[in-house]
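Asker: Chains A and B, in that order, are what the protein sequence lines are.
Residue numbers for the first sequence, in our numbering: 1 to 115.
Residue numbers for the second sequence, in our numbering: 1001 to 1280.
Warning: the hint list may mix true and false statements.
[Said to hold, decoys possible] As a list, the in silico DSBU-like pairs of lysine-lysine whose alpha-carbon atoms are at most 30 Å apart: (1) K1080(B) <-> K26(A); (2) K1070(B) <-> K93(A); (3) K39(A) <-> K94(A).
Worth flagging that the hints you see were computed from the coordinates, not collected in a lab.
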Amino acid sequence: MYNVAMIERELVAASTEPLILSLLAKGESYGYELIQEIKRLSGDEIRWTDGMLYPVLHRMEDSGWITARWVEMENGRKRKYYSIKEGGHQALKKKREQWTVISTVLGGLWKGQHV
Amino acid sequence: MFNLESSITEWRRQMRAAGLKTGRRLDELESHLREEFSALKSAGAAEAVAFEQAVARLGSPHSVCAEFNKLRVGHIWAVKIGWGIWLAAILLVGGALMRRLLGGRLDFVLGAHVLSITAGYGGAILLGGFGSLFVVWGRSGRLSTARRQSLNRAVHRFGPLVAGLVIAGLLLGMLWSRQNWGRYWGWDPKEIGGLCASAWLVAWVVVLRSGRLRDQAVMLLGVGGSTVVTLAWFGGNLWDNHRRLRAYGSETGWLLAVLLAIHLVFLVMGMTSARTARES
């Protein structure tokens, strides 16, 4: 599903929803901008195949986590903006707790180890 | 010579051929394609190369369609059965009204009013049923993702339709009243009930669309809507009949009491579980 330069695709897939929710928790955004932001933040190590982001966004919309609206741009073209809903904040909270547990456990195990 | 618009038309054709038929989805992907194309062109790529790269980054039509197809998650049985019963009831009522209409025993506006208000009120009670299921499954820890998604989708898609049907029913009732009684509005208990139901359902749909409330709260408001509709449907008759001292008013009294008690149980269950969730 995903083209990944450095990080394994399963890990990228699992992190897609929390990444999207975290970005949208900062403010409204659209697909292209979300992809660029993730590329920038990850130093180009997380690369989504662009077209695959949209089914995920639509699934999250169906789940009631995010909502979308079409906005007409200055050039007359339309762009679909997504924003997080209350259900999305709750989901993000849960995912954040889960990822924190994993990160803490791995951090503890790897403390002092040199790979 | 490269032409962006004809290239996009061809790309859309390929996407449709691969199975992506929804115009809105294609529009969104096209918007992305144009952004990517502009970025690559600004970075110095030739137009034809920029377009080819943008299409490649978006993914092949078949792989993108395959991902979208995964979204087609079916509804849970409870929702399917609920929809089925609602639809069957509407067809039955519609058929009965049609027979009377064709037999010259029913006015068209009155028939349309009865059908619209019955479908709307029935739909609102069905949505209240979905809300009650949400509450019960949530409390018992059996609210799976599939159940949550299905109930959410049903409520989001069905809510505006139900509100529209009730409002249409109310307006048709007003029209019939004007034609037969010489006035649009008379503060009749049924009219007041219809107005309250419309107001509640419209407010609920607005809240639903805003996305500002949690799923649990949305579902509880749906149960509340069902309560208001039950009062409007059965309470209106009761009040009207008692006021006019008709004996059959009492027949709906016990039914109303039972229905309200059931609603109250679900409302209390939902509110207490919401409070528990907040406190924890």
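Asker: Each hint should be assessed against the structure and marked as holding or not.
Answerer: Consistency of the hints with the structure:
1. K1080(B) <-> K26(A): 38 Å, violated
2. K1070(B) <-> K93(A): It holds: about 26 Å lies between the C-alpha atoms, which stays within 30 Å.
3. K39(A) <-> K94(A): Given pair K39(A), K94(A) holds - Cα atoms ~24 Å apart, limit 30 Å.
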